[in-house]
Structures are given as structure tokens and as C-alpha cells.
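A.B. asks: Line order of the protein sequences matches chains A and B. 1 is the number of the first residue of the first sequence in my numbering; add one for each residue after it. 1 is the number of the first residue of the second sequence in my numbering; add one for each residue after it.
Everything labelled a hint here was simulated from the structure, so no lab data went into it. All values derive from a computational prediction rather than experimental measurement. C-beta: ideal position from N, C-alpha, C; glycine also. Treat the hints with care, as some may be off.
Claimed, not checked - Just so you have them, the derived chain B footprint on chain A, three or more residues with Cβ under 8 Å:
{"hint": "1", "stretch": "5–13"}
{"hint": "2", "stretch": "18–26"}
{"hint": "3", "stretch": "33–42"}
{"hint": "4", "stretch": "59–72"}
{"hint": "5", "stretch": "79–93"}
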Amino acid sequence: MLWAGFALSVLAFISYFSVFVQFPWTRDFPWANLLLFGLAAGLLVVGSRRAFRLPELYRGKIFGVLLAALSVVIFGLFAFSIFVGGRRMPASTDAPRVGAKAPDFTLIDSDNKAVSLTSLLTDPLHGAAPKGALLVFYRGYW
Amino acid sequence: MRGIQQHWSEFEAHGIRVAAISVDPAETTRNFTRKKGYIFTFLSDPNAEVIRRYDLLHPKAGPDEKDVARPAEFLLDPSGTVRWVNLTENYWVRATPEQMLQAANTVR
Numbered sequence: 001m002l003w004a005g006f007a008l009s010v011l012a013f014i015s016y017f018s019v020f021v022q023f024p025w026t027r028d029f030p031w032a033n034l035l036l037f038g039l040a041a042g043l044l045v046v047g048s049r050r051a052f053r054l055p056e057l058y059r060g061k062i063f064g065v066l067l068a069a070l071s072v073v074i075f076g077l078f079a080f081s082i083f084v085g086g087r088r089m090p091a092s093t094d095a096p097r098v099g100a101k102a103p104d105f106t107l108i109d110s111d112n113k114a115v116s117l118t119s120l121l122t123d124p125l126h127g128a129a130p131k132g133a134l135l136v137f138y139r140g141y142w
Numbered sequence: 001m002r003g004i005q006q007h008w009s010e011f012e013a014h015g016i017r018v019a020a021i022s023v024d025p026a027e028t029t030r031n032f033t034r035k036k037g038y039i040f041t042f043l044s045d046p047n048a049e050v051i052r053r054y055d056l057l058h059p060k061a062g063p064d065e066k067d068v069a070r071p072a073e074f075l076l077d078p079s080g081t082v083r084w085v086n087l088t089e090n091y092w093v094r095a096t097p098e099q100m101l102q103a104a105n106t107v108r
């Protein structure tokens, strides 16, 4: 039970970055991961109590405490990177605001074809002039 | 990104062209989008020139202390004027496809 609890807290950490970050519903607030951490804590608490109350039946007085402490560290790292680390960004005070003109640019697309903002806004879309464009900036490093 | 792809045809139906921008080279992006099945436009800004022009540079935040863009979403009308913008406070939190579609509804 203690090892399961520890494994679950490792999973709770990793699964955010590998799985849950892909879905807005589980990304914007990591409730699925907090739930997993909660389950992990439950297993570790029950496992440790068992080891202390019935030491002749269950092992884990020492490694139970160690695994629980490690899990707390993992949880702390997770909470810090999501709730504090994610906020560490420049202020972007000069980013175009509502009503401002977006600076024009020309970049290459994934087929090495030059694409300008003007062409995004004027090239026909399904045979009609576009009503607008959605520019989405990503951190990248896919 | 998965959300945008899932709603891509709705953006297109609204007459909104979707374009993603990151510092990744075109080749990296090509492999990535093929693997994931993303078919909207992905633009490469390897020297972060446009990202700087939009004041979205997040210096040394990528692997090996490389510069990246902070996440941001802009909805522009055909004149290039910003009609809606989302500069998130926390890069784990992004605009949802629903919020972006709602913004798309405002340009007609």
C-alpha cells in the first residue's frame, strides 16, 4: 500500500505534463492531478498507520515515513511549478491591445512557404474573404 | 492545440483563419503536426523576431535557456485590428476553444 501510494504520487506528477496538459478541462486547473495526489496521500496515511499500529503484521515504519516524505516533496514541486512557476513571465506591456493594429509580419509555414499576416487576412477562405484571423503564440519545443 | 484542431472547422466556418506561431524550425513543426494530425497553419519564428515585435518574448524559458514565446491568443479583424486578446497570467492556463470561438463571433 505504501509503495502504491508513492507510485501514485509519481504518476500524479508525471501525468499532468504527459497527458492532462493536452486537454483544456484538466490543464487550466489540474484537478485530476490533485485528485491523484489526494488518493496517494490516502494510501500513504493508511499504510503508515497500519505499519505503526500492527508492526507484527505490516512493515513500513521507516520506509513508509520516507515514502510519505518524498511524496510530499513531489507534491510540493508539482504545486510550485503549476501555481507559481507558470506565473513567472514577462509583463508584455507592449503587446498589441484591443483596438490596436497588429504588427504585420512574414514567416515561413511548416512547408517553408512564406506567409504574411496580410495574406492570412486577405487570401480567400472557402471562396470568400476571411472575417478575421486567430493568432496563437505557443511556447513550442514540440 | 488539440482543442483548436477539434474546433478548426468551426473557426473556418466563421471565416476565421487560424495560425499558430512558435520558435520551432519549420521541419520540427512539420513532423509534429503530421504526427498529431494538426492541419491549421503553423508559422516558424526561430529568431523570435515577430514574437519580440508583439512583446511576447519569454527569455531563456525554453530548453537550454533558449528564448520562447509566452502563450497568447489574438483575434484580428480583416483590417488587422485586434478585436480580442488573451495574455494569460499563468502559462499552464490558456484560452479555451470556446472562448476563442466566442471572440470569433464578435467579428462579422
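A.B. asks: Hints first: check each against the structure and report whether it holds.
C.D. replies: Right, here's what the structure says about each hint:
1. 5–13: With 0 residues close enough to chain B, the hint is violated.
2. 18–26: holds (count 4)
3. 33–42: Coverage by chain B is violated for the stretch 33–42 of chain A (0 residues, Cβ < 8 Å).
4. 59–72: violated (count 0)
5. 79–93: holds (count 8)
The earlier numbered hints that this structure contradicts are 1, 3 and 4.
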